[in-house]
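Chemist: If you want the building blocks of each chain, they are given just below.
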Amino acid sequence: MVTAAQIWEWVIKSLIIILVLTGGFAYVTLYERKVLARIQARVGPNRAGPFGLLQPVADGIKLIFKEELTPAGADKLLFTLAPVITVIPALVVTAVIPWGESVTLFGKTYTLYLTDVNVAILYIMAVTSISVYGIALAGWSSNNKYATLGGLRATAQMISYELALGLSFVGPILLTGSMSMLEIVRAQQKLWFIFLQPAGFVLFLAASLAEVNRAPFDMPEAEQELTAGYHAEYSGMKFALFFMAEYIKMIAVSMIGATLFLGGYLSPLTMLSGLPVIGWLFASGPHWLFLKVALWLFFMIWVRATLPRIRYDRLMQLGWKIMFPLGLVNVIVTAAVIVLAGG
Amino acid sequence: MNGLQVVFLLAALVSLFSAAMVVSARRMMHAALWLVLTLMGVAVIFVTLQSSFFAVVQVLVYVGAIAILIIFSVMLTRRVMEDHGDQILPGWRAAGLVAGLLFAIIVGFLALWQGFTTMLVELPADADNLLDLGQALVSPQGYALPFELASVLLVAALIGAITIAVDRKEDQHG
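Residue numbers (this note's numbering), protein chains in the order written: chain G, 211 to 553; chain L, 4 to 177.
Source of the hints: derived by calculation from the structure; they are not laboratory data.
Each residue gets a CB set at the ideal place from its N, CA and C atoms; glycine is no exception.
Each pair of labels, with its calculated beta carbon distance range:
| hint | chain 1 | residue 1 | chain 2 | residue 2 | range |
| --- | --- | --- | --- | --- | --- |
| 1 | L | S27 | G | E219 | 39 to 47 Å |
| 2 | G | V543 | L | Y146 | 26 to 34 Å |
| 3 | G | P281 | L | I73 | 22 to 30 Å |
Just chain G, with the same shape it has in the complex (with noise of 0.2 Å):
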């Protein structure tokens, strides 16, 4: 039976994980900014605050001092609920990542997850595949034609991904022998999944940069084109909530992904954590996990100063006729591999 102590852990813990989560939205999208400025050989925000780090207060003030907009025509019920349908699936896609094994505080032991579900991947899967709800929604109801293209190429472009995406994770299923996160993180203990499934890790790379719509598969908000895609009628803080929903997904990926691939919060020198006064540092822990998540944020960051927009059919293209295939291939063999090698 469920108490009411595991209640409130349950509300704490998810608490603290849409606390991590917005605030790093606040942040990721300044480390965006100053990194891509000094990819470009600029400075980038520093006015408010050392080294800029009030910005993402001071955006987020002047975001709620501004007008709100609602078209003339739009549907004024899905216009609103979109970006809250777009922002809840961004949120709650992490419950299942562990943050590590457990911790003792108080003299009690408290574990590192919020849940450890057998179909965590499942999960996954089923909650970004609700995401596409908010984007289609707020394209149409926008009442505006660049908005609905926006929409459709977001909804055509997310199911096609999908595939590869969904295709990227048997990987690691098949490796495990479960969808629970947290086996996945154990069975890595030896050896990164990253070796062992390296297609996968490129497959889920790829994948994961079109399901969040970001460059070079940022064809829904392809500006030259669209003007802003399906958020070119939002405004203020409706505005702000598609921006937090995208910032808070790139995180979430990030997150997967590490956790799939790069170990989790799996630490790579664990034989160095017997050393005195910093031997926690290279322990497992929750910071192994923000560090790989910092990089891979840097990553797709980097990706964005660098690769051009691809084209919209070359987009369709790459998803069905390449990585589609590419992941069935992918999992063909993992499975002999794993039959023949008697796993």
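Fit chain L to the supplied structure of chain G, relying on the hints for placement.
Modeler: Relative to chain G, chain L alone:
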């Protein structure tokens, strides 16, 4: 009444209400979204039955794939079906009668099954119903035959879809 029953009742009421809204909403897009809510309600009912796999698959397949395709098609056909015409079928009485009869027959058959009256049993925490399901699907004593039949059906549907969608060279000239 415990918490689980409250959740079940709420989920059931929400799904029934939104199912009614699916057929009565005037705008196609709204009807499609009510359908999504219905399917989500069913997923919640699966959760109350401790069947997390079915809950997740329900969301993944129905909400994430089928309903989004419906919405996709509605987006492409905006304002074609809206705002005109009577929504009530001329022969709705007969249809209602048939639907009611079918419902009664199904419930009647279910009532014959002995599991109909047993109380819910909580699964032990370490039970892995996912593994059981997977094995039942491929074991000859289990559901291997229906599973294979469904696969054949799906393959046939896939091939059919390709045949319909493929570009024919002779059509391009004509």
